[in-house]
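Trainee: Take a look at the letters that make up each chain.
There are 2 protein chains.
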Amino acid sequence: MKMIRRSSGAMGVVGLLLVILMLTPVATPSRSRAQDQPAGPGDLKAPPGTLDAVTAILTRRSIRDYTPRPVPEETIKLLLTAGMAAPSAFDERSTEFVVVNDPKILKEFAKVNPNSRQLKKMTVGIVVCGNKNKQKHKGLGYWQLDGAAASENILIAAHALGLGAVWTAIYPYPDRIPMVQKLLQLPEEVIPLNIIPIGYPAERKLTGNRFDPARAHYNRW
Amino acid sequence: MKMIRRSSGAMGVVGLLLVILMLTPVATPSRSRAQDQPAGPGDLKAPPGTLDAVTAILTRRSIRDYTPRPVPEETIKLLLTAGMAAPSAFDERSTEFVVVNDPKILKEFAKVNPNSRQLKKMTVGIVVCGNKNKQKHKGLGYWQLDGAAASENILIAAHALGLGAVWTAIYPYPDRIPMVQKLLQLPEEVIPLNIIPIGYPAERKLTGNRFDPARAHYNRW
Chain A
1 MKMIRRSSGA MGVVGLLLVI LMLTPVATPS RSRAQDQPAG PGDLKAPPGT
51 LDAVTAILTR RSIRDYTPRP VPEETIKLLL TAGMAAPSAF DERSTEFVVV
101 NDPKILKEFA KVNPNSRQLK KMTVGIVVCG NKNKQKHKGL GYWQLDGAAA
151 SENILIAAHA LGLGAVWTAI YPYPDRIPMV QKLLQLPEEV IPLNIIPIGY
201 PAERKLTGNR FDPARAHYNR W
Chain D
1 MKMIRRSSGA MGVVGLLLVI LMLTPVATPS RSRAQDQPAG PGDLKAPPGT
51 LDAVTAILTR RSIRDYTPRP VPEETIKLLL TAGMAAPSAF DERSTEFVVV
101 NDPKILKEFA KVNPNSRQLK KMTVGIVVCG NKNKQKHKGL GYWQLDGAAA
151 SENILIAAHA LGLGAVWTAI YPYPDRIPMV QKLLQLPEEV IPLNIIPIGY
201 PAERKLTGNR FDPARAHYNR W
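If you read the protein sequences in the order shown, they are chains A and D. Note that the numbering used here numbers the first sequence so that position 199 is 199, with each residue one more than the last. Note that the numbering used here numbers the second sequence so that position 88 is 88, with each residue one more than the last.
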C-alpha cells in the first residue's frame, strides 16, 4: 500500500484505480497460492482480514489480558480444527482438546497456578492434552511434541484472527498435572500439556525482528 | 472477490472500481488486522502471495519430494526467523537452528534414517535443536516443547510460502541423536529434535477438514 500512496500524486485518480485493480488479486491471499492447492479444507474458510501466515508468526505475542467480549463458538471450533491439523508422529493424532468455558470450572482452574493473571481473566480456554494410549511406541515420549505443534497452531491461528492467547504450562509441573486431571476428569493416560486462554486482547505488545544470529548455525556448530 | 463479480454487471465499470477501492484495505492482510499492531517485525515482510495463516495451517501437509529448484538463502533466513518467533518457557529461547546445505553433510545425513526418502531428496534442511544449558529449571524437561513450537512455525511458514517441508524425527530416538550430534559437531547439551527438509514440492497432497469430534471435549472428559 505504501507503493500506491507514493505514486498517487503523479498518476492521478484513474491511474491509482488501475494500480489498485492490478494489485488486488495479488493482495488477496485466497486468490494467489491457493491456486496451487485445494481451495480449502472442506467447508472451512479463513474469515476476511485473517493475517497472512508469515506476519502472524512474526507478530504473535503472548497475550494475558482479555476484554469481556465473548469469543464465538465457531471461532473456538476453527481453533480446534487448527490444532487437529498439526502433524503428529506416525500420524497417530494423539493430541486431544478440552474446551473450558463453564464458570465453575474456570474458577477452579485459576487455582492451578495462582500467579497466572491470564487464568483469572480467562472466560474460555483450550486445554491441549496428550493421550499416551494413542502412542504406538509407548517406550518413547513424543506425545508432548505432537501436543506442542498443535498448541502452536492454535496460538498462530488465534493471533491471525485478531484474538489473544498464551501457552500456560501444566506439563511438566508434577503438581499441576493431577490438579487438572481431577478437575476435568481426565483418564490417567491423558496428560494435560497446557491451557491456552482465548480472548479479545486487552493489552498491546510491540514486536521486532527476532532473528538472532547467535541461534543460527550453518552445517556445524 | 465473489461479491465484486456478482455486483459488477449492475454497477458498471466505475462502480466496480469504486467497490474495489472500498474493499482493498479489507482484502489486504497488511492493512486490516495489522492496524491493531506494529506494521511488521522490523525489516521483515511476507512476500506477496503468502497464504493466510488459517488456510496455511489447515492445508499444510508433510511433503517428502522436492524439485531441484534451489531455495533462496533469504527464504531460509525468513524460516529461521519464524522459528525464533515461537514462544518459549520463561522466554528462555532455548531453541537453536542448524541449516544443513553442504553436500557432504547432506549425504551423511541420509544415513541417520535410511528409510526416509526426504533425507535422500533434501538439498537444504533446518535441524531444530534444544540447548539444555539455556533451561532455567534443569530438572524439568521442556526444551522439547519450545523446539516443537519453533518447528511448527517453520512448517507453516514454509507451506505459506509455497514450499514443502516435513518434520523428520531425530529425538527421541536414542540411536539418531548421537549420530547427528557427531555429524554437526553439536555440544553434548544441544539435542537435535528433528530435521526439516525445505524444498519446492514435487508431490501434491489433498487436504480435507480434519476436525474430529472425538478429539474435542467440553469442560470434562
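Honestly, the hints are just simulated from the structure, not real lab data. Incorrect hints may appear among the rest.
Given that identical chains are not distinguished, each listed pair holds provided it fits within a single copy or across any two copies.
[To be verified] Below 25 Å or equal to it, Euclidean Cα-Cα: the simulated DSS-like pairs (lysine-lysine) are:
1. Lys205 <-> Lys138
2. Lys104 <-> Lys136
3. Lys121 <-> Lys138
4. Lys107 <-> Lys121
5. Lys205 <-> Lys45
6. Lys136 <-> Lys111
7. Lys111 <-> Lys121
8. Lys182 <-> Lys45
9. Lys107 <-> Lys134
10. Lys120 <-> Lys138
As the structure is a prediction and not an experimental result, all values here were calculated from the model.
Trainee: For every hint, state whether the structure bears it out.
Mentor: Status of the hints after comparison with the structure:
| no. | hint | result |
| --- | --- | --- |
| 1 | Lys205 <-> Lys138 | neither (41 Å within a copy, 29 Å between copies) |
| 2 | Lys104 <-> Lys136 | neither (36 Å within a copy, 34 Å between copies) |
| 3 | Lys121 <-> Lys138 | neither (37 Å within a copy, 30 Å between copies) |
| 4 | Lys107 <-> Lys121 | within (10 Å within a copy, 52 Å between copies) |
| 5 | Lys205 <-> Lys45 | between (28 Å within a copy, 18 Å between copies) |
| 6 | Lys136 <-> Lys111 | between (34 Å within a copy, 24 Å between copies) |
| 7 | Lys111 <-> Lys121 | within (12 Å within a copy, 50 Å between copies) |
| 8 | Lys182 <-> Lys45 | neither (36 Å within a copy, 45 Å between copies) |
| 9 | Lys107 <-> Lys134 | neither (31 Å within a copy, 34 Å between copies) |
| 10 | Lys120 <-> Lys138 | neither (36 Å within a copy, 28 Å between copies) |
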